[in-house]
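Required output: the full structure, derived from the provided sequences and hints.
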Amino acid sequence: MCLLLGAALLALLTVTATGLSTTWDAIQHRDAPRTVAATQLNLALNDMDAQTANILLSSGDSGTGRGRLDESYTNANRIYKAAQGTISSSLRTLGAASEGDQATERTVVALTDDFAQYQELVGRALENDEHSGGKDPARADYRRATDLLSARLLPQARTLVDANNAVYESEYESARSDLTTQLVAEAVLGVLLLAALVVLQLHLARRFGRILNPAVLAATLCALVAVACGGQLLSTSADQLKIARHDSFDSVVALSRSKAIGYDANADESRFLLDATRRDAYEKSFLDKSQQLYGIAGASLSTYDTRLADTWAAYQHDHADERFSGEYRRELDNITFAGEREAAEKTVEAYAVYQKDDRTFRQLIAEGRLQEATVFCIGWASDTSNAHFGQWMKALDQVTAINAAHHDRAIATGRDAIGVQTPIAAGALLLAGLLLVLGLRPRLAEFR
-17 MCLLLGAALL ALLTVTATGL STTWDAIQHR DAPRTVAATQ LNLALNDMDA QTANILLSSG
43 DSGTGRGRLD ESYTNANRIY KAAQGTISSS LRTLGAASEG DQATERTVVA LTDDFAQYQE
103 LVGRALENDE HSGGKDPARA DYRRATDLLS ARLLPQARTL VDANNAVYES EYESARSDLT
163 TQLVAEAVLG VLLLAALVVL QLHLARRFGR ILNPAVLAAT LCALVAVACG GQLLSTSADQ
223 LKIARHDSFD SVVALSRSKA IGYDANADES RFLLDATRRD AYEKSFLDKS QQLYGIAGAS
283 LSTYDTRLAD TWAAYQHDHA DERFSGEYRR ELDNITFAGE REAAEKTVEA YAVYQKDDRT
343 FRQLIAEGRL QEATVFCIGW ASDTSNAHFG QWMKALDQVT AINAAHHDRA IATGRDAIGV
403 QTPIAAGALL LAGLLLVLGL RPRLAEFR
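Per the numbering used here, the sequence shown starts with residue -17, numbered consecutively.
Be aware that a few hints might be false.
Quick list of in silico lysine-lysine cross-link-like pairs, DSSO-like style, CA-CA up to 27 Å [unchecked claim]: (1) Lys266 to Lys376; (2) Lys117 to Lys266; (3) Lys338 to Lys117; (4) Lys338 to Lys266; (5) Lys328 to Lys376; (6) Lys266 to Lys224; (7) Lys63 to Lys117; (8) Lys328 to Lys338.
Pairwise CB distance ranges (calculated) [said to hold, decoys possible]: (9) Glu155 to Ala302: 24 to 32 Å; (10) Gly49 to Asp83: 17 to 25 Å; (11) Ala302 to Gly280: 16 to 24 Å; (12) Gly321 to Thr342: 25 to 33 Å; (13) Ser364 to Val91: 38 to 46 Å; (14) Glu349 to Asp83: 48 to 56 Å; (15) Ala85 to Gly321: 47 to 55 Å.
No lab work stands behind these hints: they were computed from the structure.
Note that beta-carbon positions come from the ideal geometry of N, C-alpha and C, so glycine has one too.
Quick look at the structure:
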């Protein structure tokens, strides 16, 4: 009986270790990377569109280049090409990862086709801008490209983020459920094994008139070590899965979404400058995206800054205060790691500076100072809106990096638990079996 219980416990731990290894492989090499690839795609689409607008704004007169803002033009072209490369790479990653998932495959195919059409429209806009009198045709082509982006490309990209994130969540829930069942089974088998060894020890003491059988005692200690290591393996794995999935990766996704929204909002400022016929729509779009990031019920652009300052002061006084919502609220409600709160609060404060810049930008336009507004919006001097946008994104990246590092660390710790606890438990169980055989052999020989 003891040997059978030991064998059953060994089989359970082997199955558990194999399943956990498969789970960590899926998380590290499939679920997390393709979710990140989808968020990068979403961000790069917004960035590419923003840089297209910036190129058209900074290029000067069509065909002559007079009035070109050289630094802005050069940087916009550089970032445009980098975003284009990121999109192509992300589409390849998502295409390979979606094999077997028909819904995701269809989305990737549709997005790839639409992106090709988008590139054609953007390419035509940039080409027109190089010809004399081509600024208006360039605006028209860019308008069609932006419409395609907002109507089809961005919704498809967000669908991919949600779909891949849901796969990760499903993997997590399945693994947690398995671990709960395995933990109960391990506890039951462990208790039964230890009880059987104690009963055996008592039986030998009564039957053969000895107080203790040293080999059986040693086997009991080995079984106790195995049960403890198995329990440690299961509890550590459950803890690290929670850290990897909800404590860290939920924040990574929320922050990645907020970065993509931020780039899109920043692009709305460039679109506002470039296309005067749609200024009302782009102003509303900017406010909508601001509300997605830091939602304040009933706020307009004219009241947003004051309401942001008031709600933020209330939050800093009481972190349970719920006067704002949005992606930043989601992150602030999921603070887990050392340094994360400080970095998250720094991000919101940098965001507040950028929001004030937006009002300065719109005031310059209202006063007819379009050239100053353009330089303030897309220039690279330290006192421009563009520079403050960069500081906001840098702060956001720091919060994301904290969570991404803990996600990676949780995977490593989970793998270490398998590599350390499983061999010890298995070795202890095998040694316990050997000790039982050696310890009982002399007693059995007395019956001959």
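How the hints compare with the structure:
1. At most 27 Å may separate the alpha-carbon atoms for a hinted pair to count; Lys266 and Lys376 meet this at roughly 26 Å.
2. Our distance criterion of 27 Å between C-alpha atoms is met by Lys117 and Lys266, whose separation comes to about 25 Å.
3. With a C-alpha separation of about 30 Å, the suggested pairing of Lys338 with Lys117 is violated against the 27 Å cut-off.
4. Distance hint between Lys338 and Lys266 is fulfilled; the C-alpha atoms sit about 16 Å from each other, no more than 27 Å.
5. Taking the CA atoms of Lys328 and Lys376, the gap is near 10 Å; set against the 27 Å cutoff, the hint holds.
6. Between the alpha carbons of Lys266 and Lys224 the distance comes to roughly 39 Å, so the proposed pair goes past 27 Å and is violated.
7. Between Lys63 and Lys117 the CA atoms are separated by roughly 21 Å; this keeps the pair inside 27 Å, and the hint holds.
8. Between Lys328 and Lys338 the CA atoms are separated by roughly 16 Å; this keeps the pair inside 27 Å, and the hint holds.
9. A hinted range of 24 to 32 Å holds for the C-beta pair Glu155 and Ala302, which are about 28 Å apart.
10. Between Gly49 and Asp83 the C-beta distance comes to about 50 Å, which lies outside the given range of 17 to 25 Å.
11. Look at Ala302 against Gly280: about 21 Å separates their beta carbons, and that is inside 16 to 24 Å.
12. Checked against the hint of 25 to 33 Å, the pair Gly321 and Thr342 passes, with Cβ atoms roughly 32 Å apart.
13. About 44 Å separates the C-beta atoms of Ser364 and Val91, a value consistent with the hinted range of 38 to 46 Å.
14. The beta-carbon spacing between Glu349 and Asp83, approximately 53 Å, falls within the hinted interval of 48 to 56 Å.
15. For the hinted restraint 47 to 55 Å between Ala85 and Gly321, the CB-CB distance of approximately 39 Å leaves it violated.
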